[in-house]
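**Q** Here are the chains, one letter per residue:
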Amino acid sequence: MQPTGTKTAAFRQALPLSFPIMVGFIFLGITCGMYASSLGLPWWMPTFMSIAIFGGSAEFVVASMLPGVFDPLTTFAVILVVQARHLFYGLSMLKPFAGMGRKKPYLIYALCDESFSINYGAHVPERIDRGWFMLFVSLLNQASWVLGCTLGGVFGNMIPLDIEGISFAMTALCVVIFLDQWLQEKSHVSSLTGLAASALALVLFGADGFLIPAMLIILAVMAVLRPRLESIYSSDDAPAADGSGAA
Amino acid sequence: MTTLQQIATVLIAGAATVLTRFLPFFAFRHGAPRFIRYLGDVLPGAIFGMLVIYCLKDVDVLAGSHGAPEAIGILVTGGIYLWRRDMLWAILTGTASYMLLVNLVW
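If you read the protein sequences in the order shown, they are chains C and F.
Numbered according to our numbering, the first sequence terminates at residue 248, and the numbering increases by one at each position without gaps.
Numbered according to our numbering, the second sequence terminates at residue 1467, and the numbering increases by one at each position without gaps.
To be clear, the hints were calculated from the coordinates, so they are not data collected in a lab.
Some hints here could point you the wrong way.
Unchecked claim - Straight line, CA to CA, 25 Å or less: simulated SDA-like cross-link-like pairs of lysine to any residue:
no.	chain 1	residue 1	chain 2	residue 2
1	C	187	C	222
2	C	187	F	1436
3	C	96	F	1436
4	F	1418	C	65
Unchecked claim - Simulated coverage check for chain C against chain F, where a stretch passes if three residues somewhere in it have a Cβ under 8 Å from a Cβ of chain F:
no.	stretch
5	29–36
6	95–102
7	127–140
8	170–177
9	194–203
10	207–216
Keep in mind the model is a prediction, meaning the values are calculated, not measured.
Just so it is clear, CB atoms sit at the ideal spot from N, CA and C, and this is done for glycine as well.
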């Protein structure tokens, strides 16, 4: 296969799937940039954050901290908690990202909720190079976010922006992938556990602090049900023979 | 904060983010134990369940529109997906119907 043809085909596969997220990212990025400039931060700060952090909710939190007192330890701890869900994405992408070579560091760095969702959940035809597809999805999404944040930071409050509801694209993306998984999976235990544990944690701990408890409940349920679930969910080609056993 | 301290704060937040994204790959770069591979196989279903709830975390079912636009948006998204099996169309129609609802109805 010619490299150019491979890349073009992967790009043409990635663009339509990324499109709704890109539109959402541009508008949410503008909002994030405008929020930062409303706090009196320099115009380049939203752009800098969109590259150094690249995580929507974390950037809003950091922007709110920047006018305050310098407290690196608190910043580190808070952002670690805000971003802890990425640990789950990494565990799920160990296999899909294996053998990605030089693309791998960027794919991992840019593993936001949306890119993870598309890269994990999208159906890519056999003829399309999965690596280039995932790279383009990640690049398009991040480019849109950086663009949005920059516009918001540079033009600040000059743009009267109120496109209410555009962020629903992420909800719709998650619903579609959840549904798609549901139709394919041999057992619904994991999907139902994710919904139930998160709903329970949300009721108990509220919107700002429910993700970590939800993740812990999910991990506990999966560990307890492992004897029943392991053979159902296993994607290993051959029975494990590495002898490393349970962690 | 001085500008330099602000830059340091952003870089620290970036380091925390990078840590959460790279840790699984770094920790298991020489192969993952069976339990971790099991988690990799079993977690995605739960993660998307969790993300659906995460997207809806700020919806107040007791006040305002009681989550009606979200519920309708999800039904449209799911319905279109079941009908056409096309992710893009499902996301676009679901988002468009949600935007129409919050801007024109509620």
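**Q** Tell me the hint numbers this structure goes against, listed in increasing order.
**A** Result: hints 3, 5 and 7 break, sorted rising.
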